[in-house]
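Residue numbers (the working numbering), protein chains in the order written: chain A, 1 to 367; chain B, 368 to 720.
Quick caveat, the hints were computed from the structure, so don't treat them as lab data. Heads up, the beta-carbon is just placed ideally off N, CA and C, and yes, glycines get one too. Some hints here could point you the wrong way.
Stretch by stretch, here's where chain A covers chain B in the computed footprint (C-beta under 8 angstroms, at least three residues) [as the list claims (entries may be wrong)]:
hint : segment
1    : 403–412
2    : 421–432
3    : 451–460
4    : 551–563
5    : 639–650
As a plain string of letters, each chain reads:
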Amino acid sequence: MTSVVTHRRARLAEAMRQAGLDVLVLAGNAWQNDYLRYATDFAILEGQGLAVARHDGEIVLYVDSFLEAERAAVECAGIEVVHAADLPGALDDALNRLRNRRIGGAPYRLLPRRIAARAKDLSLSDETAFLDALLMAKLPAELDAMRRAARLADDGYAVFLKAARPGRADYELVAEIEAFCRGNGVDDNFQIIGVGGPEVRGMAPPSGKRLKAGDLVTTELTPCVDGYYCQICRTLVVGTPTAEQHAAHALYRDAMEAGIATVRDGVTAADIARAENDVFRRHGLGDYVTSEYTRVRGHGMGLFADSKPHLLENVTTRIDAGMALIVHPNTFHPVVGYMVLGDALIVTNDGCEVLTRMPRELFSVPA
Amino acid sequence: MRRGLMGWNAEELPLAVLQDRTARLQAAMQQHGLQALLLYTNLVRPSAVTWLTGFTPYWSEGLLLVARHGAPTFATALSKRVANWIRSVSPLGEIVNGPRPGTVLGQRVAADASVRRVGIVELDALPSGSYDDFSAAAPAVELIDATALFSEARRGADEAERRLLARADAIAAAALEEVDAAGAADAGSVAGQVEKHARLAGAEEVYITVAPDLRADRRMIRASPSLALGDVYGLRVSLAYKGCWIRRARTFASDQRASGRPDAWFANLVQAIAPGRPLAEQIAAQVRPLGAELENWMAESCVGSYPLQVVASSHLPGGRAPVEGDFTVLTIALTAGGVPWLGTAPLIVGGRL
Numbered sequence: 001m002t003s004v005v006t007h008r009r010a011r012l013a014e015a016m017r018q019a020g021l022d023v024l025v026l027a028g029n030a031w032q033n034d035y036l037r038y039a040t041d042f043a044i045l046e047g048q049g050l051a052v053a054r055h056d057g058e059i060v061l062y063v064d065s066f067l068e069a070e071r072a073a074v075e076c077a078g079i080e081v082v083h084a085a086d087l088p089g090a091l092d093d094a095l096n097r098l099r100n101r102r103i104g105g106a107p108y109r110l111l112p113r114r115i116a117a118r119a120k121d122l123s124l125s126d127e128t129a130f131l132d133a134l135l136m137a138k139l140p141a142e143l144d145a146m147r148r149a150a151r152l153a154d155d156g157y158a159v160f161l162k163a164a165r166p167g168r169a170d171y172e173l174v175a176e177i178e179a180f181c182r183g184n185g186v187d188d189n190f191q192i193i194g195v196g197g198p199e200v201r202g203m204a205p206p207s208g209k210r211l212k213a214g215d216l217v218t219t220e221l222t223p224c225v226d227g228y229y230c231q232i233c234r235t236l237v238v239g240t241p242t243a244e245q246h247a248a249h250a251l252y253r254d255a256m257e258a259g260i261a262t263v264r265d266g267v268t269a270a271d272i273a274r275a276e277n278d279v280f281r282r283h284g285l286g287d288y289v290t291s292e293y294t295r296v297r298g299h300g301m302g303l304f305a306d307s308k309p310h311l312l313e314n315v316t317t318r319i320d321a322g323m324a325l326i327v328h329p330n331t332f333h334p335v336v337g338y339m340v341l342g343d344a345l346i347v348t349n350d351g352c353e354v355l356t357r358m359p360r361e362l363f364s365v366p367a
Numbered sequence: 368m369r370r371g372l373m374g375w376n377a378e379e380l381p382l383a384v385l386q387d388r389t390a391r392l393q394a395a396m397q398q399h400g401l402q403a404l405l406l407y408t409n410l411v412r413p414s415a416v417t418w419l420t421g422f423t424p425y426w427s428e429g430l431l432l433v434a435r436h437g438a439p440t441f442a443t444a445l446s447k448r449v450a451n452w453i454r455s456v457s458p459l460g461e462i463v464n465g466p467r468p469g470t471v472l473g474q475r476v477a478a479d480a481s482v483r484r485v486g487i488v489e490l491d492a493l494p495s496g497s498y499d500d501f502s503a504a505a506p507a508v509e510l511i512d513a514t515a516l517f518s519e520a521r522r523g524a525d526e527a528e529r530r531l532l533a534r535a536d537a538i539a540a541a542a543l544e545e546v547d548a549a550g551a552a553d554a555g556s557v558a559g560q561v562e563k564h565a566r567l568a569g570a571e572e573v574y575i576t577v578a579p580d581l582r583a584d585r586r587m588i589r590a591s592p593s594l595a596l597g598d599v600y601g602l603r604v605s606l607a608y609k610g611c612w613i614r615r616a617r618t619f620a621s622d623q624r625a626s627g628r629p630d631a632w633f634a635n636l637v638q639a640i641a642p643g644r645p646l647a648e649q650i651a652a653q654v655r656p657l658g659a660e661l662e663n664w665m666a667e668s669c670v671g672s673y674p675l676q677v678v679a680s681s682h683l684p685g686g687r688a689p690v691e692g693d694f695t696v697l698t699i700a701l702t703a704g705g706v707p708w709l710g711t712a713p714l715i716v717g718g719r720l
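Same shape as in the complex, but just chain B (with noise of 0.2 angstroms):
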């Protein structure tokens, strides 16, 4: 659940913002031939409906019907007590309440005979209570697959998205800043470090992950007191503040000069990533001079409901080409020098976050 700090603050998300954003997906919905658009919320899945919004749910589940003018409706089956604080927490428009969302949103679309064709982003994997609910309400409305019909208006973060991105950033930075690389006793304790640091500066949520010695294993595993941390290891924080996330992530060693070359190269790379070129070429460019080998590497986004999900790996051929203003989550693992090295850090595609 979330538990950190959930708030609604009109100088970092201006009511216009969502408006002008409701009306980019309201565009592209009439050039599509959508008479509404259905979304679905959780707090594993928030993103789509939080862009929209401001709104992340801390528990339980939503449904955001967007019309062709004016704001979205937002049905949840959380009680009306819920919904004040709902209010508190977003400028949201109308909210409805009941026991099941879909079947007030589907009635409410069913009463509208203009209404013949609905988008529901992420169609195939919307739950089927919720689906089962607003087709049996709404059985002669056309339901259709509107995933990247979103995915394309929502793209190339705005200026409020960059600030609050940046903001999650700087948090997540500072924390990782917090771990004493020599002196931490296990991966329990400075996980509870970096995630009190990340709470204390209003982190919305923060997940924790390490991968406690590098040489052995490079996958990330949830930290716990009972894993002792070797000379060389990594530790990645996926942090929200505001709805946005980020991650970060380092690699620690007792001897720092195992890990300065590369952090520098990453911090530079992370400047240097350009719209149009493949970030396959991009990166494998900026590898040759610091002489390590590339392990891998993975692009996160967030196109859909999910926060952050891959958009391009050097597990996947092809991915899509970066776009200027897009909103990237950069990870690479290394081998500098015989020394495993991963990093993970955000960036703005031609521009600074």
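Pulled out of the complex, with its shape left as it was, chain A reads as follows (with noise of 0.2 angstroms):
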């Protein structure tokens, strides 16, 4: 069986040609590593990489940390990997050799200072936008791994729900999630959390909290396969949910699935955005869907956890059939304080597949 990451490498080397590019350099790390992923197919974990992707599918893979080096030699198959401490340095020697050609970079704000200082010398073009198309409309096997991660979402979540109860540390519930994770072939996660009432107003890795009586616990959970990310939001209460708590999550599932009844093929970001956050200023609640209380409507997903296009009223990105999106009308509530629900889904021709399985529901756990 063809893997994904062959099917990604082919459609590259055939955008570069059509595109006429003949070099790509492309730059990643543990916090953003779509692009790099995109060619090379390293997870990184530790310091930086960067990769030089030619037209005619040779890639090479320069990482800054030994280890890392020799975990890329192992993982990444297809493809050079070449230790340099001095990555910079490396590239720009690799970048000598390569004169002449048309060279473009993405994401161009990532690449170190001494090789975006010789854009001029090396007629290196910001190549991001370039990227960016090929990231958000995805290959069959791209979202068949979206599948795949979509699920472990919904037993991750299933997992989440087990472990929380009174007395518990927000920090070990996520524990138990890693655990999950791991056991589970899923490389890396992406979840923030929030637990309390009113004054909590969004989410955040653990602080140390501990669950209570009557407290909201909100997370996002983003568990990553083969390199895909698929989120899951959803709220949970400690104790049996009051009627302002069961009236505001009522709210935002209408919320999210008029967002989620917008998304078709053709639409824009602002549209199911629109959608979202009128629900919320039908109910005079639209102070609440401003950057004052949230930050985006849902967004992209698939190599990057919180990938292009974000789903805000002034974002104008078309969607296409084949994008994975998540909508969430996450925001603060005035009454009940922060609270999420997302589901995840993929773009078709006349509406969308949705992902998540798991119920649309306020949870509640014993208090």
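Take the two lone chains, each set in its own frame, and fit them into one complex as the hints suggest.
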């Protein structure tokens, strides 16, 4: 069976040929690794990586960590791996050998200064948008990976529900999830959490807060399968939910479902965000969909947990069939506090395939 | 991303310690004729900013500006809501939010006519977006590399850092004790067990890699359920506690006699590393009585923005000689009695972690 990275590399080489690009310099690290991973398939943990990808399919990965170079040599088939303690220097030398070619970089803002400083000399152009287009419009093999990741997101949330009980600290819940992830072949997981009541304004990494009766516990859980992140957002209550918590959750569910109902090939990111936000506005909660209280109303998913496009009313990116998104109207609610609900989906020609199977309910665990 | 316990505890990391560190750096800046210093941070390169502020980003990036006097200023593209979280997990003074942190700090530098030279830690590797924004906003300022200056100023772990490192090491060592060498099913489940133990103990981050069959290959890779474990395998835990990173690696053998003697030898070696003499000499002298074959070694430390980077190794002739109080993570690979063995442990040169 041909691996997903083989499909990606073939597509990248073909897209480069069509765009007249001879060479791409791709940067990545454990924070933002989607551009680098697209070509190399390396799930970098430490240090920085830079890949030189040629339109003929040859790829050289430079990493500045000795341990990561050893790992990449084992884990990444079909590419050359070079350990370079002085990463900008090594790339500088490599690019000297590629003069008079058309060279692009992505993501350009993360390229080392030493390399970007030679943009004119090297005919180095910003090709971030070129890669973004490939990252957003996924191949069938990539969508299969998203579906597998969605199953593990569902299963992971079930583990989270089982772990949540009064007296446990937020980081202990994450520990249970990470053990589940490692035992199920999940390389990485993006997860933030919120614990408490109306004083909670958002989610963050665990701070040591212990669960108590009446708390809302919110989480975004985003396991990574074969490089592809798929997210689920759910809220639980410790104890029996109040009428206010139920009412708030019903509003978030209406908003999320309004957003999902809008998704189809040809709409814009703004259309989806507007559909979600209109529900809040109809309930007099329009202030709470502004940047004062929330970041985005959903976003793309794939080789990065927080991919483009961001679902916001001022983002006019066209939504195409084959994109993977999460629609999540996560925000602060003035009565109950921060609440989240989000389903992952794949855009189709006439709607979407919802990947998340976990019920869209306000969960509760015994107090 | 960071998803373990994050927070600031004034007893673990007193504000006075951070102020002392900043003062050390400011003194070095003055000696080198720098009126300001710029440091980059993200979750992969957090350590220079963490050393000065106690703050590690769980996501995204930021820039820290250290002026000649006073507390540093942190600039981030993260929202004001996240700034509230930053304040809850660090004693950072001023935090400025904006879509282009480099521009904000560049404008600040440009507004002070007395600032003529600004040092940048790891200038060549600074992301071009940050550099372009900063230099465009402060076009008249000379920007020079301050990597060596910073490395020298932060050399030597103070008491607070030693305590945090010791806590990190205790978590990693205890997590590795959880492994049942003979009963482990697969690399993924062993990694999950170790990681869970470490995170329950308060680890901020944990990376686990495995050499599933040391007889075949000593290189460490990501653990997964599809990796069967051989009769001799290695497990490495790279772990952070409150922004301080250590590594520990151990060899696990179904016949514990194969790893027991090198384990004891390595524990003694770690205690015996002394200042002044090159590590290569010290290690070679200690290996001889063991009667084992030294395959390779590596010493890492925190000298810049990376949590750990190689400062000396068997692949790098020379390297810096250890100095009293240096924090070092030592890795040794041996063949003892025909059986492959490897170990990694942290140490303080001439002292105790």
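Verification of the hints:
Beta-carbon proximity to chain A at under 8 angstroms applies to 4 residues in the segment 403–412 of chain B; the threshold of 3 is reached and the given coverage holds. With a cut-off of 8 angstroms between beta carbons, the segment 421–432 of chain B has 4 residues touching chain A; three or more are needed, and the interface restraint holds. Here the segment 451–460 of chain B counts 4 residues with a CB under 8 angstroms from a CB of chain A, which clears the bar of 3, and the coverage holds. For the segment 551–563 of chain B, the stated coverage by chain A is satisfied: 7 residues place a CB nearer than 8 angstroms to a CB of that chain, which reaches the threshold of 3.
Taking a C-beta to C-beta cut-off of 8 angstroms, the segment 639–650 of chain B contributes 0 residues in contact with chain A, too few for the three needed, and the coverage statement is violated.
When each numbered hint is compared with the structure, a violation occurs for hint 5 only.
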